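Asker: Take a look at the letters that make up each chain.
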Amino acid sequence: MKRQYLGKKIIQSLATIFFVLVFNYVLFRIMPGNPLAMIMRNPRASQEAIERTRELFGLNQSWYVQFGIYLKHLFTGDLGTSFLYRQPVTQVIVARIMPTVLMVGLAQILATIAGMVLGVLAAWKRGSRIDIASLSFSLVTYSMPTFWLGIILIAVFSVSLRWFPTSGMLTPGQSFPNQLAMIKDAARHLVLPVMTLSLVLIGEYTLTMRNTLLDVLTEDYMTTARAKGFDDTYLIRKHALPNAMLPMITIIAINLGLVIGGTIQVETIFSWPGLGRLMFDALKARDYPLLQGIFLLITLSVIVANLIADVTYGYLDPRVRE
Amino acid sequence: MDKVVELKNLKVTFVEKQSFLKELLTKEMPLVRAVDGVDLTIKKGEILSLVGESGSGKTTLGKAILHLVDIAEGEILFQNQAVNFKHKKETRRFRQKAQVIFQDPYQSLNPRNLIIDIVAEPLEVNGLVKTEAERKERVMKALQDAGLDPPESYLYRYPYELSGGQRQRVAIASALILDPAFIVADEPVSMLDVSIRAGILKLLVELKESKGLAFLFITHDLSLAWLISDRIAIMYLGKIMEIGESDTVIKQAEHPYTQALLDVMPIPEVNRHRQRKVLSGESPNPTNIPAGCRFHPRCPHAFDRCREEEPVLQAVNPHHLAACHLIEKKKTQEKSHD
Amino acid sequence: QEPLNTMRVGVTVEVDSLSPLISYSQIGYEVFQLVYDPLVMLDENLETAPGLATDWQISDDQLEWTFTLRDDVKWHDDTPFTSADVKFTYELLMENELGMYSGSLGGMTEVSTPDETTLVIRTELPKANMLLNACPILPAHIWSEVSPDEYDAWPNSSPVGTGPFRFEEFRPGEYLKLAANEETFHGRPQIDELIFVLYANTDTMAQSLRLGEIDAATNFSPSQLEVLNSDASIDAIAAVELGFVELSFNSWDDPSSTSHPLLLEPPVRHAIEYSIDKQRILDMVYSGQGSVGTTLVPPEGFYHYEPTSAELRDYDVLMANQVLEEAGFADLNGDGIRQAPDGTPLEFLLTLRADNANEVQAGQMIAGMVAEAGIKFNIETVDDGALMDKIYSGDVDMFIWGWGADLDPTTILNVMTTSQIGNMSDSNYSNETYDRLFMEQQTIMDPDERREVVWKMQQILYEEAPYIILFYDNSLQAVNTSRWTGWRRIPDEGGYFFNLTNYNYLNLQPVAGAGDATVPATGGSDSLGHIIGGLGIMAVVAFFVFRKKKAANSYR
Amino acid sequence: MELLRVENLKTYFHISQGIVKAVDDVSFTLAYGQCLGLVGESGCGKTTTALSINRLLPPEGKIQSGNIYLEAVNLTALSDDEIRKRRWKEISMIFQGAMNALNPVMKIGEQIAEAVVLHQQVSHQQAWGRAKELFELVELEPDRISGYPHEFSGGMKQRAMIAMALACDPKLVIGDEPTTALDVMVQAQILNLLDKLRQNLNMGLILITHDLSILGETCDRIAVMYAGKIVEMGSTEDIYHEHMHPYTYRLLRAFPHIRGPKQMPEPIMGTPPDLIRPPSGCRFHPRCDYAKEICREEEPGMTAAGDGHAYACHFGGAFNG
Amino acid sequence: MSSIYREMRLKKLAHFWTSFKSNGMAISGALILGFFTVAAIIGPLIFPYNPMEFGTVETILQPPSTTHFLGTDNLGRDIFRNLLSGARISLMVGILATLISMFLGTSVGIISGYFGKAIDSILMRVTDFFLVIPWLPLVLVLAAILGSSVWIIILVIGLTSWAGTARVVRSQTLSVKERPFIERARAIGADHSTIMMRHILPNVFPLVFANTILVTAVAIISETTLSFLGLGDPTRPSWGMMLHYAFQSGAASSGAYWFFLPPGLCVVLVVLAFTFLGYAFDEILNPKLRRR
Ligand SMILES: Nc1ncnc2c1ncn2[C@@H]1O[C@H](COP(=O)(O)OP(=O)(O)OP(=O)(O)O)[C@@H](O)[C@H]1O
Ligand SMILES: Nc1ncnc2c1ncn2[C@@H]1O[C@H](COP(=O)(O)OP(=O)(O)OP(=O)(O)O)[C@@H](O)[C@H]1O
Ligand SMILES: [Mg+2]
Ligand SMILES: [Mg+2]
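Chains as they are written, first to last, in our numbering: chain A, 1 to 322; chain B, 1 to 338; chain C, 1 to 556; chain D, 1 to 321; chain E, 1 to 292.
Please note: incorrect hints may appear among the correct ones.
No farther apart than 20 Å at their CA atoms in a straight line, the calculated lysine to any residue pairs in the SDA-like style are these [stated by the list, open to error]:
1) C:K456 with C:T481
2) A:K238 with D:I258
3) B:K202 with D:I258
4) B:K44 with B:E73
5) D:K262 with B:E309
6) B:K88 with E:I41
7) D:K262 with B:M265
8) D:K107 with A:R129
Hints in this document: simulated from the structure, not taken from any laboratory.
Fair warning: this is a prediction, and the values are worked out from it, not measured in the lab.
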């Protein structure tokens with residue numbers, strides 16, 4: 001049973017990936033400036049270089065052959081060469097992955113935990129001060145443009161209070177006596193960007209958690225559980241949460257796409273050396289191969305995250321295993 | 001008497017929903033044989049009750065007659081004619097003549113429509129009214145026929161503003177507005193409070209009598225069936241087990257399944273700690289219908305033949321048929337006694 | 001162990017490549033002149049000074065140059081430097097025509113090395129800009145290992161040069177780190193570590209500078225200048241730069257172009273120029289940093305031509321209207337927009353670069369100004385790439401962009417030659433006389449004589465106005481003087497860095513006792529003010545909800 | 001010996017439209033091993049009565065006054081903690097619609113075992129052992145104990161629910177419409193099972209239903225509720241044969257009797273009253289065929305009509321003559 | 001008879017109003033939004049604003065004063081007036097984009113849920129695609145391709161934000177589809193479009209409505225973000241554009257809080273108002289939440 005569910009989800013994901021590939025392919029071909037023009041724009045491009053590109057992209061072939069070539073290159077991990085950096089796209093991307101993963105990962109974890117705690121508190125004490133406070137907090141942070149929040153946080157915590165550095169991932173050029181010192185330095189730099197990103201996310205998580213939990217709390221099985229004589233903490237932990245977690249998982253995964261949007265802003269504000277900024281730079285520089293590569297990577301990771309969420313869902317909810 | 005509906009060896013199957021992957025990998029798909037070979041006629045001015053446990057295929061049979069589900073095999077004659085559902089006009093004419101009332105009056109009315117719109121919908125869908133005044137008039141007449149008096153006070157309300165009984169009457173009104181010849185009433189009272197049920201039942205009987213309507217009355221409550229219908233058909237796992245005039249079926253039940261159903265019927269009488277002959281197990285599932293007599297695994301009287309040979313409906317008397325090997329056995333026993 | 005004296009420079013653009021064959025960026029230029037040495041460099045007065053070559057002679061026919069090279073220079077990996085390295089570098093660049101330096105090598109026909117310290121270069125024609133070629137000399141022992149096929153892709157990820165700084169580390173997206181070269185003929189710099197820190201926005205960069213996280217920075221926005229200067233330890237300047245911002249018309253006079261035919265008419269262009277109050281835009285958008293523009297070659301150089309008062313089209317709305325009136329453009333239907341005799345209105349599309357807020361705002365102001373002359377500008381904003389596409393396909397009326405120039409005028413003059421259409425030319429301008437003069441000026445060795453020709457060229461351009469040069473803009477730089485002293489602007493109105501010389505990097509002195517622990521800066525308070533204000537408002541909102549909620553509860 | 005005594009219980013819901021007097025002065029008693037049927041139309045306050053006993057009312061519901069004694073303990077006076085300890089151990093419930101009353105993401109066995117662990121201080125393993133026993137008791141295959149609710153059919157879920165209710169050997173089990181929405185056949189199975197278990201385990205059982213006809217086989221006593229009040233209470237015989245209240249009479253007449261004469265059941269006209277603004281006097285008077293002036297004005301008290309038989313009507317037994 | 005009809009409608013409205021007015025979030029949301037709507041409609045009439053009219057050097061970045069309530073921007077324009085006219089743009093973008101998104105999301109959701117099978121599979125994969133595809137990057141790319149006029153921004157936001165609605169509508173459609181009144185409609189011979197328009201749409205609409213309001217909030221933030229990243233329409237200075245200019249001109253670091261804070265706060269407030277309303281409607285219209 002379980003394997004079938006998994007299989008179905010994987011097939012669905014593959015279908016989505018296929019859409020993404022087609023879309024990616026089409027999008028970057030209808031974008032102004034086809035690959036050839038991009039190469040030719042380089043004033044020094046030699047005739048051979050143009051020929052090479054033509055062949056590489058199969059521009060002299062029919063569109064489906066071109067798409068095939070595109071797929072073939074993808075499967076061999078060849079995403080082309082960045083116009084901007086003159087390096088294989090994969091190489092450029094790999095160099096920038098870690099900072100983003102670090103920041104997004106931390107922010108997601110923090111936001112999930114905080115959002116769940118706040119959401120649970122709010123739902124359990126519905127109508128109380130705690131509920132109102134956490135609700136207002138979530139709604140207000142949820143309503144803030146990410147970049148604006150980031151700037152405000154810099155103004156408060158870096159400029160006024162001097163607690164954290166304004167930007168970057170490490171103090172630039174610092175050589176660290178040991179690993180620990182470096183981690184400490186990185187941690188100081190991480191605080192504000194992670195805070196910005198998680199604050200924006202917390203809102204949605206809190207609200208989702210609160211709403212699903214309120215839903216769950218009205219379910220008949222909660223009355224049953226209460227009738228069994230359990231106390232509130234046990235009820236929440238053992239009965240309400242496992243049920244309320246189900247929609248949360250989906251939201252968290254879907255949010256990953258949103259978080260990436262947030263990273264573009266956060267990385268710009270905090271000069272964070274990650275993928276979001278790389279992508280924005282690539283966009284501005286019309287570095288199509290790079291842009292396409294990042295786009296693909298991000299989309300794939302969101303799809304994979306969704307797949308993982310679906311699988312987790314299946315694991316947590318016996319009903320969908322079939 | 002006029003036959004309104006005639007079913008010949010009707011079969012309805014569903015493909016059990018399963019995962020895409022499995023669909024890809026396996027060629028054969030498990031079939032749900034919801035209705036599995038039913039012959040039946042319903043006559044003008046008659047209420048035929050269809051009784052059986054949950055999952056026995058009652059609703060499916062009802063829907064099949066109205067062509068709301070696809071028919072796998074067999075034939076349906078409506079007023080002695082086969083309806084060609086590919087033909088739009090013919091379909092439309094059929095839809096006007098055959099209507100349905102559903103079990104749940106809370107769910108079967110669109111909560112966002114006004115009563116007048118709900119009742120008038122069949123008229124509109126079939127393009128049968130021209131003017132607003134005519135529309136209202138016909139709706140009022142239908143409401144009145146369904147026992148909602150005075151009709152004006154219901155026109156501009158929403159379903160949630162009505163009680164369950166009133167809602168079911170609205171549903172009936174909407175079924176009546178096209179002047180149908182035949183109505184499938186799928187457990188029309190099972191969701192209603194006992195105190196209201198009687199009114200609806202009375203209405204159905206009245207309609208049958210005053211308009212000569214034919215009803216297929218679906219229920220799992222034998223006593224209701226007995227009270228209002230002319231004939232009763234007992235269904236088990238997609239097949240008719242026993243059919244006959246209602247008194248006969250209740251008072252002289254031939255089929256062990258009918259007897260079991262009768263035995264578990266609650267009666268408002270002090271009968272403390274009566275140990276009822278309750279059939280064990282639940283209604284088995286129609287994907288896997290037992291060989292031989294489909295009832296044999298739960299039958300207290302099952303014998304070898306039941307496991308091997310599927311009994312057909314046979315006449316106990318001209319107005320009473322049952323599908324059970326016991327009848328023959330009894331007959332041979334009687335004969336040998338003679 | 002002595003603590004290192006580190007200097008951090010904030011930049012908003014990072015090197016596009018560490019290979020001089022690939023890079024085209026200003027920051028690349030700056031880094032290469034620190035890591036590598038050219039034959040001849042520029043001193044603090046922007047005069048030529050010995051680089052790797054200590055001395056040079058030119059033959060009488062002006063076609064052969066002989067350079068005497070230093071004999072005591074070592075590459076950062078301790079390999080000795082010889083004339084073979086120069087020959088290798090020049091030939092590599094000339095053959096492959098790669099990177100931003102190859103252009104300045106144009107005209108060389110042969111490079112020979114009689115011995116390890118002598119280099120002879122022959123040219124086809126006299127080469128006026130021979131000494132202004134800043135091409136970094138690359139180590140032959142490293143680059144000869146690279147296959148020629150890979151020149152346009154080999155990343156040179158760990159450059160080895162002879163320059164005053166050695167390359168340490170490059171972290172894309174973060175910073176680039178150099179360290180002082182102990183043995184350099186420049187004399188060891190006081191800066192032990194030089195770090196170019198990349199900022200994704202100028203706002204945080206300004207904050208960082210004030211907080212002492214960096215010691216210097218460039219590319220600020222004009223309005224930040226004043227605030228930065230209010231900080232006692234910060235010296236923020238608007239440095240004159242060899243560059244300009246222009247309003248460029250699509251001059252592609254061809255049926256396949258979608259250029260606006262009316263814009264090809266000089267009176268229209270002239271009227272537009274008359275109606276633009278450049279000084280006001282400069283004051284408003286650029287905080288007055290820079291100067292009003294006229295001709296193609298920026299005024300700081302020797303070759304700048306200033307139009308005579310008769311030629312000059314200074315801001316004058318009356319003139320603008322008059323010019324149009326005389327050319328037959330009148331507003332007959334009274335909608336405020338003049339029409340050509342055939343009824344076509346003077347309505348054009350001005351394309352702006354979306355991510356350049358200054359240009360966008362300047363464009364908006366211009367649109368407002370030309371309306372006074374009965375001309376309508378519609379505005380669209382696109383990104384650089386899209387604008388580039390439009391330019392190359394001729395699908396644009398006019399746009400605002402900018403150029404940076406060299407000390408030698410050749411590069412910037414080249415932009416307007418016919419041969420550059422489809423390449424560097426963004427106005428698609430073509431004029432035979434101009435093209436001929438361009439070829440001529442390259443070969444005139446006498447500066448004054450050469451200037452005559454260059455002036456003539458500028459006159460032509462000013463009259464035909466494919467560009468309206470709006471301003472000669474400034475580069476906004478700021479340094480924190482509390483940790484490093486000895487900052488010098490080069491030239492006098494110029495910048496501390498990105499000024500074609502590495503003088504400051506070589507001569508800055510650490511302030512005793514300043515340490516690396518950053519200097520406290522003032523000015524946090526005003527930010528605090530706006531934060532508190534903001535939080536206050538949010539609190540009010542929260543309170544509002546809170547109150548309402550409570551009411552709802554008691555209702556229940 | 002009395003197991004449960006409910007005295008003048010009033011439970012109101014405070015909602016924005018007003019106060020719903022869902023249970024309004026209800027008293028009854030239940031002896032050990034006895035089964036009481038609580039019957040009435042939808043919305044008359046049956047579930048509310050049950051929830052009041054266990055103090056499981058939703059936040060807007062409040063016990064206004066009255067006492068509920070389980071043995072000698074007044075449940076209404078207990079602290080939240082104390083009542084919580086007594087839940088399930090002393091009073092357990094079988095809820096209306098078992099399909100929703102079981103946690104869908106928890107194994108059924110676990111749902112039974114957790115209650116055992118909580119109330120009987122046994123190891124988790126022992127609790128599972130107990131759960132297995134209970135499964136056998138309710139005639140379910142013990143192997144299916146680690147299944148999830150969705151794998152069970154309606155009847156099986158109801159059995160599992162019963163098993164759960166019996167987990168801590170409660171003194172009192174309240175079954176709130178345990179067979180509604182089940183098939184006749186399965187309903188009969190479940191009722192048989194409940195009856196058998198009650199006798200074997202000697203516990204008190206309150207059986208809540210709106211189907212008067214199913215009580216004859218299982219209950220010793222029946223209380224008929226109407227609009228938040230008990231209108232008649234007595235032994236099953238009393239209610240079926242000697243009923244004195246017109247509502248009981250009408251209710252009985254609304255059921256078809258398959259073994260009796262073929263007679264159409266009779267509807268009760270009108271609709272159940274609005275419990276925010278209940279009718280004056282006798283609450284049934286707007287629907288009563290025998291209502292007189294006094295019924296509109298004066299609320300009838302309980303009149304005794306024999307041993308343990310009482311009714312609230314000014315004209316008890318009026319329909320007889 | 002129409003008077004009864006009107007009366008019933010009024011009763012329903014009154015009922016809604018009762019729940020609405022006892023809901024703090026709804027009231028605050030409505031008040032804030034009302035305020036901004038009025039400001040957007042009549043504000044520019046009283047305080048007209050022309051983005052092409054610039055101040056002089058002296059009026060650049062002036063702090064709040066009696067002549068300029070909220071000071072001036074880097075081009076000497078009045079910030080208060082700019083805010084008022086920005087409200088129009090921001091609200092317009094939010095609302096129009098939402099309409100597009102609502103239309104797409106509802107159609108796709110209903111069609112997909114109603115027809116099921118292959119249509120559902122295909123539409124849902126497309127929806128999934130729009131759901132998983134990182135939203136901002138996509139919008140950035142699209143905006144870069146198509147250019148940055150307000151209309152294109154509206155279109156882009158609308159085209160990329162419908163997936164969530166589609167999913168919600170689809171699942172609601174699936175459950176509505178199973179309700180007997182749909183079967184009843186089929187039994188009386190209604191065709192697919194009638195069933196979808198007349199029976200399914202009205203029943204999914206409350207959900208769409210609540211969802212839509214939330215989409216509006218997202219759309220406004222999106223516009224702000226796009227503008228901030230330099231992809232806005234400079235000729236129609238929305239709040240996002242103001243923030244963009246403020247940031248580009250270094251207002252945040254140079255202490256010009258009056259340039260930087262007000263547009264941001266306006267965005268926060270308006271988005272908050274929409275979010276409030278969305279959640280409140282959800283609470284009012286979603287019977288499950290209401291039950292407790
Ligand atoms: N659309 C469908 N797809 C698959 N199986 C179906 C479908 N509809 C009905 N079935 C199956 O067909 C069988 C008969 O169902 P049907 O609804 O006709 O029973 P019923 O006698 O009306 O039961 P009830 O008394 O519960 O209404 C059941 O096993 C049911 O699961
Ligand atoms: N949480 C609540 N808030 C407001 N009113 C309520 C609430 N719960 C129940 N009521 C009202 O209290 C009355 C009694 O409800 P209760 O659920 O006890 O009835 P019941 O007899 O169990 O009905 P049913 O047979 O439908 O289960 C009803 O009128 C109901 O509307
Ligand atoms: Mg059915
Ligand atoms: Mg109840």
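Asker: None of the hints should be skipped; say for each whether it holds.
Answerer: These are the hints, each one checked on the structure:
no.: 1; hint: C:K456 with C:T481; result: violated (44 Å)
no.: 2; hint: A:K238 with D:I258; result: violated (48 Å)
no.: 3; hint: B:K202 with D:I258; result: holds (17 Å)
no.: 4; hint: B:K44 with B:E73; result: violated (25 Å)
no.: 5; hint: D:K262 with B:E309; result: violated (37 Å)
no.: 6; hint: B:K88 with E:I41; result: violated (53 Å)
no.: 7; hint: D:K262 with B:M265; result: holds (15 Å)
no.: 8; hint: D:K107 with A:R129; result: violated (36 Å)
Of the hints listed earlier, those the structure fails to meet are numbers 1, 2, 4, 5, 6 and 8, in rising order.
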